[in-house]
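**Q** Chain residues, written in single-letter form:
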Amino acid sequence: KAGVTQTPRYLIKTRGQQVTLSCSPISGHRSVSWYQQTPGQGLQFLFEYFSETQRNKGNFPGRFSGRQFSNSRSEMNVSTLELGDSALYLCASSLDRGRSEQYFGPGTRLTVT
Amino acid sequence: TQLLEQSPQFLSIQEGENLTVYCNSSSVFSSLQWYRQEPGEGPVLLVTVVTGGEVKKLKRLTFQFGDARKDSSLHITAAQPGDTGLYLCAGDDYQLIWGAGTKLIIKP
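From first to last, the protein sequence lines are chains A and B.
Residues in the first sequence are numbered from 3 upward in steps of one, following the working numbering.
Residues in the second sequence are numbered from 2 upward in steps of one, following the working numbering.
One or more hints might be untrue.
[Stated by the list, open to error] Label-pair ranges, simulated between beta-carbon atoms:
hint : chain 1 : residue 1 : chain 2 : residue 2 : range
1    : A       : 41        : B       : 23        : 15 to 25 Å
2    : A       : 41        : B       : 17        : 27 to 37 Å
3    : A       : 88        : B       : 82        : 21 to 31 Å
4    : A       : 102       : B       : 82        : 30 to 40 Å
5    : A       : 86        : B       : 63        : 31 to 41 Å
6    : B       : 21        : A       : 17        : 41 to 51 Å
7    : B       : 106       : A       : 7         : 23 to 33 Å
Keep in mind that the hints were calculated from the coordinates and are not lab data.
The model shown is predicted, which means the values in this text are computed figures rather than measured ones.
We put the beta carbon where it would ideally sit given N, CA and C, even for glycine.
So here's chain B without its partners, still in its complex pose (with noise of 0.2 Å):
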């Protein structure tokens, strides 16, 4: 069974602050979609990272596909209220593979 595993699962921090938030597996895939998710609403897709090394930036947010396309990272610069959100990744293989999440409170 492929498994997609996000650390942390949990993340609390001030504003201003940086984080990085992982997502990790021992399956290839030939791409990788990260979400977000507010409260009340369904996921809202960020990015799509498909070529191994890869890396995209949407303002703050920094997105990286590992070298063997089995792990990526999600690094935001300055952290606002607005980041608050669930980040989700999805691997692309055969079909979707989700993780579970990573819950990100920015406080003010």
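With the rest of the complex left out, here is chain A (with noise of 0.2 Å):
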């Protein structure tokens, strides 16, 4: 069974500019959540969707967003991208529950100059 993919794998954005990255979940998982992984902050829980319903949501300002659809596929957008958005940001696929065993990719390295 394939492992959960994303793409890009490193990106370079100027500040002020969007980035949509994208997620392809674990075949047969519903569940799909987004993660913010830096230095400092260590792995922040940005939000989880659900048969492209959102289910949870984290700390993070409007500026970040996403959406699941169908096929579980799930894309995040950023908007207005500042530095401080520069970090690795992980997908995980769950079979049902975002608080079940998670199966990450390998990340979107995204730097923000």
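Both chains are sitting in their own frames, so use the hints and assemble them into the complex.
**A** Okay, structure coming up:
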């Protein structure tokens, strides 16, 4: 069974731009969660989607948004990028609830200059 | 606010030594997961502990869930360079609560 895939793997953007990241979960997994990971803050939960509905949301500004499609693939968007948005963005899929065991993709390394 | 504190934050030891890292909280969790993350990759699930007092072994790694289901430990016997990585714990309580991780370096 193929693992979680994320595209792109690396991205460089400038302040003020917007970015869209993509995640394809493991086949059969219905829940997709997004995380931001930085050296200073560790792993921070962004949001979780299940059956195209956002079920949980972390403490991030409205510039961070996401969606899930009927095939469980998910995208997250960050608008008006700031330098502090530079991070590794991880997507994780789980079979059912976002609380259950998470299977992570390799992440997208976003650098904002 | 629920918190999961992991200690130590950083540990560097020689190959062959034993070590224990900890994951502590004042909250009770229905289960707790341990992950290992290598540089440039996403975390990989190692184990889930569910029952208070539960002990699970994965080769040289021993995981224990506290009796009160508020804390957990990971013991590595005869550490090897391949054990190097960031060890994360996550507690299950409505949503996953993540610790900040222990960065482990095993020197040859």
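**Q** None of the hints should be skipped; say for each whether it holds.
**A** Each hint, compared with the structure:
1. About 21 Å separates the C-beta atoms of residue 41 of chain A and residue 23 of chain B, a value consistent with the hinted range of 15 to 25 Å.
2. Range check, residue 41 of chain A to residue 17 of chain B: about 29 Å between beta-carbon atoms, so the 27 to 37 Å window is met.
3. Distance hint for residue 88 of chain A and residue 82 of chain B: a CB-CB separation of about 30 Å, consistent with the stated range 21 to 31 Å.
4. For the pair residue 102 of chain A and residue 82 of chain B, the supplied restraint of 30 to 40 Å holds, since their beta-carbon distance comes to about 32 Å.
5. Our hint of 31 to 41 Å for residue 86 of chain A and residue 63 of chain B holds, since their Cβ atoms are close to 39 Å apart.
6. Under the hint 41 to 51 Å, the C-beta atoms of residue 21 of chain B and residue 17 of chain A, about 44 Å apart, fit the expected range.
7. In this structure the hint that residue 106 of chain B and residue 7 of chain A lie 23 to 33 Å apart at CB holds, the actual value being about 29 Å.
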